[in-house]
Amino acid sequence: FTDTNFFLFKGQSYEIRMLDNRKAGDIPEINGKLVKSIIRVVFHDRRLQYTEHQQLEGWKWNRPGDRLLDLDIPMSVGVIDIKTNPSQLNAVEFLWDPTKCTSAFIQVHCISTEFTPRKHGGEKGVPFRIQVDTFKQTENGEYTDHLHSASCQIKVFKPKGADRKQKTDREKMEKRTAHEKEKYQPSYDTTVLTECSPWPDTPTTFVNNSPTPAPAFTSAQHNTYSVPDSNSSSPNHQGDGTSQGSGDLHPSATIQETQQWLLKHRFSTYTRLFSNFSGADLLKLTREDLVQICGPADGIRLYNALKSRSVRPRLTIYVCQEPLRSIQLERQDAGNGDSSNGAIYVYHAIYLEEMAASEVTRKLALAFNIPLHQINQVYRQGPTGIHILVSDQMVQNFQDESCFLFTTIKAENGEGFHIILK
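Under our numbering, the sequence shown has 334 at position 334, and the numbering climbs by one with no breaks.
By construction, these hints were calculated from the structure, which means they are not laboratory data.
Here the structure is a predicted model, which is why all the values come from computation and not from measurement.
Some hints could be false.
Unchecked claim - Below, simulated DSS-like cross-link-like pairs (lysine-lysine); rule was C-alpha separation at most 27 Å, straight line:
(1) Lys-60 with Lys-307
(2) Lys-410 with Lys-363
(3) Lys-136 with Lys-100
(4) Lys-33 with Lys-100
(5) Lys-167 with Lys-284
(6) Lys-136 with Lys-33
(7) Lys-158 with Lys-60
(8) Lys-363 with Lys-307
(9) Lys-23 with Lys-10
(10) Lys-23 with Lys-33
(11) Lys-23 with Lys-136
(12) Lys-264 with Lys-60
(13) Lys-284 with Lys-60
(14) Lys-422 with Lys-363
(15) Lys-172 with Lys-10
(16) Lys-307 with Lys-284
(17) Lys-158 with Lys-172
(18) Lys-60 with Lys-10
(19) Lys-284 with Lys-264
(20) Lys-167 with Lys-10
(21) Lys-307 with Lys-264
(22) Lys-10 with Lys-136
Could you put together the complete structure from these sequences and hints?
Below, the structure written as structure tokens:
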């Protein structure tokens, strides 16, 4: 007999009925308690299982914003606390009570030919597997104790493709002799999932046993929980591969330090993909490499983070305080050794991310170590020495890389002072 094959229509809801098949007295500790089930659509072909992450990333690239597997919540019965992980498009999890009638209606949104090099049609598509892994709650409240796993093979077609496939199969079967028909399994309206081994990455994918920060799952009720990374090290470990001040990743970073850097910079989705990369390995990747691996949005973001690219300021001005805080450098005449009477004013570069007067005030206070609350107003000296209040509109009309000298004068009420830009 060949493996049971279940033919599905893409995007159509199909029921998975959750049944308590325990014998009397079996596993009494789950009586009156909820269990957790994780439903996945995975590759049946062992060869494709080894490259599953890359295959799914390619599908994600071609179908931005789509999920491979969804739960039809309105049609489902008895499922509680439904959660999906944005980084795992092929899995959904929920809690349910084994003593109550429970049905999970799933929708598969990809067809079997989307993972074949050449799309010959439905018959040549790769087979998938629906796998359901169920866990009971441990003493610490986590659903990590494996209870049962079952699966069945599926192929997913567009509606017309599935009709053609069924018609072709019926015609082929009608032409076979009774003896030949005995070699094939009969067709049923219902498929019973066969018991199997648990999916290998189940415990580390959906269980949080570490305080290491990681991405949150989202649920229909807006509940969240954390996902750990199997390669993350103790939070007390401080390596030398990353700069604590700047957050840069250095070529000397170890694999563990590289994993910590990815988590710190919100790339936890890719910690598994880069689980064997040191800092040097990651820094060798080009922009094109990262876009191909992570997609355009995250790829460019990761490239900029690796290259420590800061946000480009919208406006740059150069400011020098006179006469108290200006630094005069005496220039030595190379010919006769005499000191020149000229003075060089050293300016501070002020980078404005916002074209606003408040941003100018704040950046001046930072650059010249002035208490912000003591600055009452900032003026610009205009024609004939008049003082013009610096407004947002004036800042928006500053020329890039303008130079200013500024002085301070006491405020009229004696509290604080005003800054005058010249």
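Verification of the supplied hints:
1. The hinted pair formed by Lys-60 and Lys-307 meets the criterion: a straight-line CA distance of about 26 Å does not exceed 27 Å.
2. A distance of roughly 20 Å separates the Cα atoms of Lys-410 and Lys-363; the hinted pair therefore holds under the 27 Å criterion.
3. Simply put, Lys-136 and Lys-100 have alpha-carbon atoms about 16 Å apart, close enough for the 27 Å limit, and the pair holds.
4. Distance restraint check for Lys-33 and Lys-100: the Cα-Cα separation of roughly 11 Å lies within the 27 Å cut-off, and the hinted pair is therefore satisfied.
5. As the CA atoms of Lys-167 and Lys-284 are separated by approximately 53 Å, the hinted pair breaks the 27 Å bound.
6. For the hint pairing Lys-136 with Lys-33, the CA-to-CA distance comes to about 8 Å; that is within 27 Å, so the pair holds.
7. Annotation: proposed proximity of Lys-158 to Lys-60 holds, straight-line Cα distance about 19 Å (limit 27 Å).
8. About 25 Å separates the Cα atoms of Lys-363 and Lys-307, which keeps this hinted pair within 27 Å; it holds.
9. Proximity of Lys-23 to Lys-10 is assessed by CA-CA distance (about 36 Å); at most 27 Å being required, the pair is judged violated.
10. For a cut-off of 27 Å, the pair hint linking Lys-23 to Lys-33 stands: about 17 Å separates their Cα positions.
11. Note on Lys-23 and Lys-136: the hinted pairing holds, with a Cα-Cα distance of about 17 Å set against a maximum of 27 Å.
12. Straight-line distance between C-alpha atoms of Lys-264 and Lys-60 comes to about 24 Å, which keeps the hinted pair within the 27 Å bound.
13. Only pairs whose Cα atoms come within 27 Å are accepted, and Lys-284 paired with Lys-60 is accepted, the gap being roughly 24 Å.
14. Straight-line distance between C-alpha atoms of Lys-422 and Lys-363 comes to about 17 Å, which keeps the hinted pair within the 27 Å bound.
15. A threshold of 27 Å between alpha carbons decides the hint, and for Lys-172 with Lys-10 the separation of about 24 Å falls inside it, so the pair holds.
16. Between the alpha carbons of Lys-307 and Lys-284 the distance comes to roughly 11 Å, so the proposed pair stays at or under 27 Å and holds.
17. Restraint check for Lys-158 and Lys-172: satisfied, since their Cα atoms lie roughly 21 Å apart, inside the 27 Å limit.
18. At most 27 Å may separate the alpha-carbon atoms for a hinted pair to count; Lys-60 and Lys-10 meet this at roughly 17 Å.
19. For the given pair, Lys-284 sits about 20 Å from Lys-264 by alpha-carbon distance, which is consistent with the 27 Å threshold.
20. The straight-line distance between the Cα atoms of Lys-167 and Lys-10 is roughly 18 Å, inside the 27 Å bound, and the hint therefore holds.
21. With a C-alpha separation of about 16 Å, the suggested pair Lys-307 and Lys-264 falls inside the 27 Å cut-off, and the hint holds.
22. Note on Lys-10 and Lys-136: the hinted pairing is violated, with a Cα-Cα distance of about 32 Å set against a maximum of 27 Å.
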